[in-house]
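Top line first, the protein sequences correspond to chains A and B. Residues 1 to 295 in UniProt numbering are what the first sequence lists, from first letter to last. Residues 1 to 251 in UniProt numbering are what the second sequence lists, from first letter to last.
Derived by calculation from the structure, the hints in this document are not laboratory data. One or more of the hints may lead you astray.
Unchecked claim - Taking lysine-lysine and the DSS-like style, the derived pairs with C-alpha atoms no more than 25 Å apart in a straight line are: (1) 290/A <-> 140/B; (2) 196/B <-> 290/A; (3) 185/B <-> 196/B; (4) 67/B <-> 196/B; (5) 86/B <-> 118/B; (6) 118/B <-> 138/B; (7) 196/B <-> 161/A; (8) 138/B <-> 290/A; (9) 67/B <-> 86/B; (10) 29/B <-> 86/B.
Unchecked claim - Now the in silico label distances, taken between C-beta atoms and shown as ranges: (11) 99/A <-> 150/B: 41 to 49 Å; (12) 238/B <-> 154/A: 50 to 58 Å; (13) 29/B <-> 99/A: 48 to 56 Å; (14) 274/A <-> 77/B: 33 to 41 Å.
Said to hold, decoys possible - Away from chain B, derived, C-beta distances all over 12 Å, residues of chain A: (15) 42; (16) 93; (17) 96; (18) 184; (19) 258.
Idealized CB from N, CA, C, for every residue including glycine.
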Amino acid sequence: MNAKKIDKLATAIIGFLVGVVVLILVALIGYILVTGLPHVSWHFLTSPSQSFLKGGGIGDQLFNSLYLLVLTLLISFPIALGAGIYLFEYAPQNWVTSTIRVAIEVLSSLPSVVVGLFGFLLFVIEFKLGFSILSGAIALTFFNLPLLTRSVENSLASVPKLQREAGLALGFSRWQTVLGVIFPEALPGILTAIILSAGRIFGEAAALIYTAGQSAPILNFSNWNPLSPTSPLNPMRPAETLAVHIWKINSEGIMPDASAVSAGASAVLILAVLIFNFSARWLGNRIYRKVTASK
Amino acid sequence: MVNVITTHNVRLYYGDKEALHGIDLDFPKQKITALIGPSGSGKSTFLRCLNRMNDLTPGVTITGSFKLDGKDIYSPKTDVVELRKKVGMVFQQPNPFPFSVFENVAFGLRLAGIRDRKLIQERVETSLKQAAVWDEVKDKLNDNALSFSGGQQQRICIARVLAVQPEIILMDEPTSALDPVSAGKIEDLLLDIQDKFTIAIVTHNMQQASRISDRTAFFLDGKLVETGLTKQLFIAPKQESTSDYLNGKFG
Numbered sequence: 001m002n003a004k005k006i007d008k009l010a011t012a013i014i015g016f017l018v019g020v021v022v023l024i025l026v027a028l029i030g031y032i033l034v035t036g037l038p039h040v041s042w043h044f045l046t047s048p049s050q051s052f053l054k055g056g057g058i059g060d061q062l063f064n065s066l067y068l069l070v071l072t073l074l075i076s077f078p079i080a081l082g083a084g085i086y087l088f089e090y091a092p093q094n095w096v097t098s099t100i101r102v103a104i105e106v107l108s109s110l111p112s113v114v115v116g117l118f119g120f121l122l123f124v125i126e127f128k129l130g131f132s133i134l135s136g137a138i139a140l141t142f143f144n145l146p147l148l149t150r151s152v153e154n155s156l157a158s159v160p161k162l163q164r165e166a167g168l169a170l171g172f173s174r175w176q177t178v179l180g181v182i183f184p185e186a187l188p189g190i191l192t193a194i195i196l197s198a199g200r201i202f203g204e205a206a207a208l209i210y211t212a213g214q215s216a217p218i219l220n221f222s223n224w225n226p227l228s229p230t231s232p233l234n235p236m237r238p239a240e241t242l243a244v245h246i247w248k249i250n251s252e253g254i255m256p257d258a259s260a261v262s263a264g265a266s267a268v269l270i271l272a273v274l275i276f277n278f279s280a281r282w283l284g285n286r287i288y289r290k291v292t293a294s295k
Numbered sequence: 001m002v003n004v005i006t007t008h009n010v011r012l013y014y015g016d017k018e019a020l021h022g023i024d025l026d027f028p029k030q031k032i033t034a035l036i037g038p039s040g041s042g043k044s045t046f047l048r049c050l051n052r053m054n055d056l057t058p059g060v061t062i063t064g065s066f067k068l069d070g071k072d073i074y075s076p077k078t079d080v081v082e083l084r085k086k087v088g089m090v091f092q093q094p095n096p097f098p099f100s101v102f103e104n105v106a107f108g109l110r111l112a113g114i115r116d117r118k119l120i121q122e123r124v125e126t127s128l129k130q131a132a133v134w135d136e137v138k139d140k141l142n143d144n145a146l147s148f149s150g151g152q153q154q155r156i157c158i159a160r161v162l163a164v165q166p167e168i169i170l171m172d173e174p175t176s177a178l179d180p181v182s183a184g185k186i187e188d189l190l191l192d193i194q195d196k197f198t199i200a201i202v203t204h205n206m207q208q209a210s211r212i213s214d215r216t217a218f219f220l221d222g223k224l225v226e227t228g229l230t231k232q233l234f235i236a237p238k239q240e241s242t243s244d245y246l247n248g249k250f251g
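Required output: the full structure, derived from the provided sequences and hints.
Right, dumping it as structure tokens:
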């Protein structure tokens, strides 16, 4: 076979493999949406869940998932950003930093159930945080931090070394160079990292069963005092998220419309992740364009 | 003749390996000094000692004396950030920031603490004019600097350095990545600004050195072989290796 034929063959094989991936993805999302969307209604999205009767919604779970996502990102993003900047821009490349990197990689390969049980023992019991959104958010931070840190580091690494030299040679301090030149340039990569980790957080169940709990106390959406137990903003209340709810319905749900609720909740979960992805990307592009004046 | 930078017995080591073997070179005020020599002769390495860019490379040790206006560049008391404001640098590859043209030039001014908008605008305009790129970018100041040609980008980078008003500008082969027309524009602008700045330029291009520089220093294998007025060095080199290099006998 000559080079041309081999090239055509390779292109065909690669195309086929891409097709398989796309097909699986489309089939999966399509199935979930087709079976789930008919059950989604305004009532379904806004009303509390039912344990025994039919007609329950997922309003509280949906809010819990979003709130947990925001809280987890609020905790983990600053830490990951700081750690990533330190590891790439400041730390000398020696055995200490390589140990940190190995530790990060080990942490990222921990099964989420293990992270959940660890969170249960340490935060829920030892620190007496109880089953709470806060416990869940901290557990998810553990789960989320390694990949986020690594991605921040990679995004910084993708900025050419010449840009650092340009900044430093102009008499910027290292911090001014990082903040003013490197960070804006690394922003799209950092944003992708946040979006990917948000998807993981949103879909995570195992780590949350033991930390954020499996119960969803009725929330009063007119009570915005974060210290009140019925307030949606209270980080110390137990909070069943959407993913945990789906798991629970499917393992022990006894309401008559369990499969419908489960299908609807799954469709909402996927839609929420998609909406979050697109809006984060849109926002990030806007910021990036504003900073870099590119069109 | 007043020297802005004087250096004496400069030695630089990568680990244990000595790469610069005792160099004495001075840079007279408001003159263009060209550093020529084959690749690997140490001219860029020497240049990067002057604004302490070699500090960023791990394993580098530098000895010898470096003085900027009589003050020790490598003294522990020296503020590297302040030093680099006085000793600007232009690189081989144009490396504008991924911002608008205006921001590229204004950014350094803002970080230097200038808040007056009008002053910033004036400085940006003056710098871009000095860098001979104003006419080409004046209607596109809000465009991303990376959307311009390589030659224009390099002149924007020069404007960025001029804006913070350094005393001396180090140029590390600033035209070697550019076409001859763009290179010619940069040579012309250097001749235009030489009465305001002291310039040290590393170049592979001997014609360029002879066209624009007042003094030339010839480097070979980490040593400074010969230095003198450009005319004299090119017409009557004292060392045989200088003459060989100028006549293209090696390299």
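* When you look at the beta carbon of residue 93/A, is every beta carbon of chain B farther off than 12 Å? -> violated (8 Å)
* **Hint consistency between residue 118/B and residue 138/B [alpha-carbon to alpha-carbon, up to 25 Å]** => Judged against 25 Å, a Cα distance of about 16 Å means the pair holds.
* residue 42/A non-interfacial with respect to chain B [C-beta, more than 12 Å] -> holds (44 Å)
* Hint says 48 to 56 Å; check whether the CB-CB distance for residue 29/B and residue 99/A agrees. => Between residue 29/B and residue 99/A, where Cβ atoms are some 51 Å apart, the hint holds.
* Status of the given 50 to 58 Å range, CB of residue 154/A versus CB of residue 238/B -> Hint holds: Cβ distance 53 Å, inside 50 to 58 Å.
* Taken at face value, is the distance from the CA of residue 140/B to the CA of residue 290/A at most 25 Å? -> holds (15 Å)
* Asked: Holds or violated: residue 185/B with residue 196/B, Cα cutoff 25 Å?
  -> holds (18 Å)
* Measure nothing beyond the straight line between the CA atoms of residue 67/B and residue 196/B; if it is 25 Å or shorter, mark the hint as holding. => The given pair, whose Cα atoms are some 20 Å apart, holds under the 25 Å limit.
* Asked: Taking only the CA atoms, is the gap from residue 138/B to residue 290/A under or equal to 25 Å?
  -> Holds. Residue 138/B to residue 290/A sits at ~20 Å (cutoff 25 Å).
* To do: Classify the label on residue 184/A as holds or violated, using whether its beta-carbon is more than 12 Å from each beta-carbon of chain B.
  => violated (7 Å)
* Straight-line Cα separation of residue 29/B and residue 86/B no greater than 25 Å? -> The hint holds at about 13 Å.
* Status of the stated non-contact between residue 258/A and chain B (beta carbon gap over 12 Å) -> holds (52 Å)
When each numbered hint is compared with the structure, violations occur for hints 2, 7, 14, 16 and 18.
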